[in-house]
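**Student:** Spelled out from the first residue to the last, the chains are:
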Amino acid sequence: MTLAEKILARASGLPAVRPGEIVYPEADLATIHDLYVVEADRDLLSLGVEKPWDPARVLVCFDHDVIPQSVAVANRARAIREIVRRWGVTRFFEAGRGQGHVFPMEIGLVRPGMCVLAYDPHVTNYGALGCLGLALAFEFPAVLATGSHWFRVPRTLRIELGGRLAPGVTIRDAAAVIIREVGPDGADYRVFEFAGPALDHLSVDARVKLCNLPVEVGAKSAIVEADGRVEEWMRERGIGPFEPAASDPGAAFERILRFDLSAVEPVVALPPTPDNVVPLREALGLPVQAAYVGSCAADQYEDMAEAAAVLRGRRVAPGVRMIITPGSQEVLDRCIRDGLMAVFAAAGALVGPPGCGPCAIGRGGPLADEETCIATVTRNDVGRMGSRKARIYLASGATVAASAVTGRITDPREFVG
Amino acid sequence: MNWILQGRCWKFGDNLSLDDDILEFAKVFVQGVRVSDPAQLKRHVFTNLIPDFPERAKPGDIVVAGKRFGQGNPHIYGLLGMRGLGLGLVAESVPRFTYRMLVAAGLPSLPFCPEITKRVEDGDQLRVDFAAGRIEDLSRGLSVEAEPLPAALLEIIALGGSTQALRKRLTEERRPPGGEMAPAPREPSRA
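From first to last, the protein sequence lines stand for chains A and B.
Take the first sequence: its position 41, counting from 1, is numbered 41 in my numbering, and each next residue is one higher.
Heads up, my numbering is the position in the second sequence plus 1000, with the first residue counted as 1.
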């Protein structure tokens, strides 16, 4: 079996599963964020359910409306805290703790081989640790009520990575090229499994980028085997237990794609879909008024460092506002200790609280009509960061920072590399 | 459940997005909380494409869409709004997550009907049998077949969607071994 199939079989109490089969995996962890708690509770109460099936396995985080911008939102936040108390959930993380697809990995709540069922689709980030994250959105109350829900076992698409990224090119660029090449028809309801010799030099932060993007073209999940780098990452943080997790030899993949990282160049996704990926040179020079580094697609330490390498000793251009949101208190803390915060401050960038940042429909920094923004966010749909009349170009943290410095879309290799 | 709908064809192109074309996501929120009541959501369906769509659409009307209907972030609200208007859906294709949400929303659907946008025109009178997978264009006198949803998923739609199906599942699980019914769950209290 593939790694995803092994996890689904174990969580469903079955010796084996096959693609196409309907299974009911039980969640090792069930995650939900502040934008959905009140609604989920309303649905559960209508069904006579006052508490989740196993409160100890539910994680509630506050990452979307981190700083309430109205009394209505503050009142909703109060209601959420009351609901969490009634539910008896101990893994409740207050606003500012971090982005829910980042900090749970850092503190050992997500581990290799786990099956996590989530409200939010970007739970696929956990695949970086060899954990299978599956989203249910509107159907999530079924998980809260019973611990499980139906899934059709997805087929696995294996992507073998070789080569090394050239200087100034980032793993975000590679991930964007991969989702463009696989495309919506190739990705629909597949698990992307990343493998190959390049994993030896791809950090957990880099693997999160690989696992974040496929869901934008319809992938069911994404995963990387839990190897020695994952073990080391967990050991550095004092979290565990680590157990290796990988596909069986001879596992049946739908197909295997080989992908050479050394051939990747910086790219940008043009509005209005994340797979509308073109070489960066096609958008060079376009004026921007806003630049943003953050969201669960790019808010770990390496993303911060990537932006800081460009911003060091430079200033954000007049007429541009730049927002940066570290993904968690751990990331923020390391940015302070390593001097990155000083770089951001000297550059004139605005650092927001850990959380989803403006990727959550513009929260904490919406775009105005007719503005153009370059951002690391997950999606560039109409209205994703505020005004429906704004345009969002998706790129790496390095490209976003370079563009912030010049005020137009710029190749980061002009500054680094 | 009556699986046959008859009404006007509302034809759209490819790649209709959940969060903007079908129903603008910002309109889902009232006082910071998402509305999931189809009767409230129906007022916003397709209004970014056809501003008076909710007034003009009648129960039984059929939305005919091209490829990748419902692409984007998996937000169900537009599909709930379509159900609120009493519409049915025939699409050339939908992303798999949207397929799941059509069922969860309780929306009668034929989600994989290749080339349907080339066969029927906006404004035609259609009669669609969602259980049998048959689309009749009464204006043109033609008939098209499509694979209906599997029976297990039609059953969820007949119940009214995933919340109602969960209600049934919980009721059945609560039934004690003796066969005596557990107390019925409380009636929905829609906020």
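Any given hint could be a false lead.
[As the list claims (entries may be wrong)] Computed from the model, here is a short list of chain A residues facing chain B with C-beta under 7 Å:
1. 43
2. 47
3. 50
4. 107
5. 138
6. 250
Hints are computed from structural coordinates only; laboratory data are not their basis.
Ideal Cβ placement from N, Cα and C applies to all residues, glycine included.
**Student:** Name the hints, by number, that the structure is in violation of.
**Tutor:** Numbers 3, 4 and 6, in rising order.
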